[in-house]
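Chemist: Residues per chain are reported as follows:
There are 2 protein chains.
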Amino acid sequence: MSKDRLIYLPLGGAGEVGMNAYIFGYGPKGRERLILVDLGVTFSDMDGSPGVDLILPDTVWLEERRDRLEAIIITHAHEDHVGAVGQLWDRLRAPVYARDFTARIARLKMQDAGHDPQIVKTVGKVPEALDLGPFRVQFFPVAHSLPEASGLIIDTPAGRIVHTGDFKSDLTPGVGEPHDPAMLEAIGRTGVKAMICDSTNVMNTHEGRSEATLTAPITELMRNAKGMVVATTFASNVARLKTLAVAAQEAGRSVCLMGRAMLRMVQVATEAGILKDMPPTVSPEAAKDIPRENLLLIVTGSQGERRAASAQLARGNYMGMSMKEGDTFLFSSMTIPGNERDVGRIVNGLSQMGVDVLDNSQRLYHVSGHANRPDLEEMQRLIDPAVVIPMHGEHRMLREHAKLALANGRRALVVPNGSICDLTGDVPVLVDEVETGRIYLDGSRLVGAMDGVIRDRIRMAIGGHVFVTLILDEENEALGAPWAEIAGLKPEGRGGEALNEIIEAELEEFLARAGHKILADDDKLNDGMRRVVRQVVMEELGKKPEVTIVVSRLLGD
Amino acid sequence: MSKDRLIYLPLGGAGEVGMNAYIFGYGPKGRERLILVDLGVTFSDMDGSPGVDLILPDTVWLEERRDRLEAIIITHAHEDHVGAVGQLWDRLRAPVYARDFTARIARLKMQDAGHDPQIVKTVGKVPEALDLGPFRVQFFPVAHSLPEASGLIIDTPAGRIVHTGDFKSDLTPGVGEPHDPAMLEAIGRTGVKAMICDSTNVMNTHEGRSEATLTAPITELMRNAKGMVVATTFASNVARLKTLAVAAQEAGRSVCLMGRAMLRMVQVATEAGILKDMPPTVSPEAAKDIPRENLLLIVTGSQGERRAASAQLARGNYMGMSMKEGDTFLFSSMTIPGNERDVGRIVNGLSQMGVDVLDNSQRLYHVSGHANRPDLEEMQRLIDPAVVIPMHGEHRMLREHAKLALANGRRALVVPNGSICDLTGDVPVLVDEVETGRIYLDGSRLVGAMDGVIRDRIRMAIGGHVFVTLILDEENEALGAPWAEIAGLKPEGRGGEALNEIIEAELEEFLARAGHKILADDDKLNDGMRRVVRQVVMEELGKKPEVTIVVSRLLGD
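Going line by line, the protein sequences match chains A and B. Just so we're aligned, residue 137 is where the first sequence starts under the numbering used here, counting upward by one. Just so we're aligned, residue 137 is where the second sequence starts under the numbering used here, counting upward by one.
Treat the hints with care, as some may be off.
Pairs count within a copy or across copies, as identical chains cannot be separated in the list.
To be verified - With a straight-line Cα cutoff of 20 Å, these simulated SDA-like cross-link-like pairs (lysine to any residue) come out: (1) Lys539 x Gly490; (2) Lys539 x Ala650; (3) Lys378 x Glu645; (4) Lys424 x Ser497; (5) Lys680 x Leu190; (6) Lys139 x Lys412; (7) Lys378 x Lys653; (8) Lys424 x Met455; (9) Lys362 x Ala230; (10) Lys680 x Gly588; (11) Lys362 x Glu536; (12) Lys460 x Gly480.
Worth flagging that the hints you see were computed from the coordinates, not collected in a lab. This structure is a prediction, so every number in the text was calculated from the model and none was measured.
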């Protein structure tokens, strides 16, 4: 039917690095059958989401259309692609498909959330294909930093789409399938309508380097280090865990993995039979009996997370292990923008202990899992799509990536989160915008980013909190004086008196002046008291606090 | 007298970039006469000090000895060297000395804080000298990014100290005196016991570049830009303001300065007669009538500060000016580690408007005001001190700087904040540690970092706040039910009921079970109720909130 259309709608990932969630649809307008590619999380920070455990994409648009959702497809096992599957599956209730290793990780997520892990189905790579309504989907291997990372060939009646997933152009990635230009070129020769492409590293103008280039420098470091070596990287960077472990083995060091997420990744990869050359590891208990110069600890916390092993070692000890002068700490990682201060705190803590800290500033100890600008250009040549749609990146990265495609003579369009792009014709067009956003996992519960809960926390963090209680009797007469308590504010006013007493005195004056009309009206009374409190705190401290007023009205029995 | 000693004690700056405050002392132990070099601030962040306006060094050690304080000496007019003079002067009450431009800025700080600006005395550069008890102090010019930046020659009976202040090796710094190797070498030839040296850029292995190298690329940018150009840099980087303004003039653009701090700096520099070649600027009102392609706005907010001009432009408009497709935004600055996320927010906001954003990633549009590693080595050669004591840097930078000095055959010692270093003999020795730390300017008042005020705010930000009121009569009977209010927490429990009602019900049960002993004892009652609240919130939300309990006991008339 000529009215059928092919649409693309990112719910997350097209406005941030992380939280990937991309919808493809095909069918008559408003009745398209849908597939969701990836369902990941991103991480919170004190500035925008204090106390929040994880940030998930708001899938409300999809929930309202879940009868049309054919499948959830996961490209690989990183948290920003699979992390929200457990938390959000209940809202979407579609089958989940992934390759073996990814499926194993997804099943653990389902299990953690109390869902049946068997909802996750294993799919093999090309030529195996999934028929999902109007879509035929095949997983093709790409090089990344963990096993079985995949791009997708998505065939539709309107043409072939290639969704790259996260990838890099690494011919020797250590773990997982290598970059395969011949295979990619073969896909390209079949005629690709549009390529939805990873944008994370588009700002990096260097050619990407291979994981294999790290082996020599890391082995040399492990050989030359006098004391214990502690290395940190992302728990899910399975390739790096292996590179580090192999280097340690070469240098005569036993390897001890510390951190639950890391152990889980290695265990699943081992069970899946895709980590065969990984050297054996020792337990933290056994590590204590091994001479320091014969030991490598691989620990979590490369981003400076305060409760992770790295931060605990920098503060003193972790699981009975501690660092000292002559030891070496290696950040085999890059710092995600915004985490510099947390990472710096670790480096300074270790520096005070006399530990030598090495990082990737000399480009010896880390390579990225994402394609740099020249590699993105190579991907464009190989897949040869008519249209490039950048995904997985902040807006500036998407824009830069689209510019790059345009400069290379292709069509390109930035499609930000919540925008529906019609891919049916030759020219991609933005046709609609839908409600989208973020959901917070806060403790054990989900909270909408716009619900005001976190906004109130930020306000209390900035301005402190004043809490006022007033008891009125049936005649609206105050029973006793108003009671004020403060939290997160200097307890003394300018003259040294207690701030809450100054507030109470001003409130008493206000109540004495207030007429019956105000005292009988909860809203007016609250507003008036709030104004008094804010004025006192501004005068005494120069702060604008959050104010909560509770008026209890005693009723006769 | 042989028992006299020469000591050095950093109160701030030897553990962070910022908040500089260095004490030198000479005399019998415990009776040393003291001078303080610099009294600066550092900036707060949501992670560690939410809502705080400025961070100042804790000078309590010095306050208790202020009868021995001869002077406060300010090396230059940057906030991290002069910013705390107004706020802390009252606690120290010593004369303040600085060169003309610095003194003018310091006087404004004194005025803002309600002190007599005439307390700040102007001193000329070498050979003019200040005799301060056992010290003779001379200001020698160094290149930095603003006028009259200075190092200090501090002569003591135990020998000559050189305190570099902030400096770079720039022969053409645009504003302020150029780097003068011959003068520095002449100082070195007089015999220098110890050099206290800027460490900010010790990690940078490149040779420093001159401010003058920016003129050509910035002028070219301004010529080629189609629409309006907006540039941001630190308000206090007077040299850069001039470089930008001159480039704009060359490119036929009028210059409009926006931001109070920026206008103040330029005004003071102009009044001091040291900004003679600065092109004229236009007011924001006049700028509105100038064609976009003939306009450069220089704005504040290079670090992504939310209320500054840059952030406001990225959100829509600032003082009636707004940016659009075809305009160019230039970060003529570097991002201080930790501010990446705030800066990124601006870049993404501008990207969404179609504005081209340029930064220093190609090393064309910014140079640092601090000496890089090769320049620090040159300084060591020129001043030729027996001992190098690194200052102004995080611990890892101080450590790296000390290693560099050692590698070049000099003595070196890391002296962190709060450590007293005895410099009397040939070998510097850490002899004592004193109380030190941070003071927060929170609104209009000073709060100690360890007072718990900010800790409570952080706890509320992470865990939310539950507030409970209970009224008891003279017999310790509850008058009505306990009243719970929540702030910053999801308002519904797991089953959908109101969280505060669940808390209230559990508290009622607790009170019904509680014996008279508990009800009569405020502490026991508070503890018990707090435990109940925390348990409910953990069960329902998985959160650990801050809890405030207020028990009002009604007394008979």
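Chemist: Could you run down the list of hints and mark each one as holding or not?
Modeler: Now for the hints, and whether the structure bears them out:
1. Lys539 x Gly490: between (47 Å within a copy, 12 Å between copies)
2. Lys539 x Ala650: Classified as neither: same-chain Cα gap 64 Å, cross-chain 70 Å, threshold 20 Å.
3. Lys378 x Glu645: For Lys378 and Glu645, neither the intra-copy (71 Å) nor the inter-copy (55 Å) Cα distance is at most 20 Å.
4. Lys424 x Ser497: Close neither inside one copy (31 Å) nor across copies (45 Å); limit 20 Å.
5. Lys680 x Leu190: between (29 Å within a copy, 16 Å between copies)
6. Lys139 x Lys412: Neither way: Lys139 and Lys412 sit 52 Å apart in one copy and 70 Å across, limit 20 Å.
7. Lys378 x Lys653: Neither: 74 Å inside a copy, 62 Å across copies.
8. Lys424 x Met455: Answer is within: at 10 Å inside a copy they meet the 20 Å cutoff, but 63 Å across does not.
9. Lys362 x Ala230: neither (54 Å within a copy, 50 Å between copies)
10. Lys680 x Gly588: both (18 Å within a copy, 19 Å between copies)
11. Lys362 x Glu536: between (45 Å within a copy, 19 Å between copies)
12. Lys460 x Gly480: within (18 Å within a copy, 37 Å between copies)
In summary, the numbered hints that this structure violates are 2, 3, 4, 6, 7, 9.
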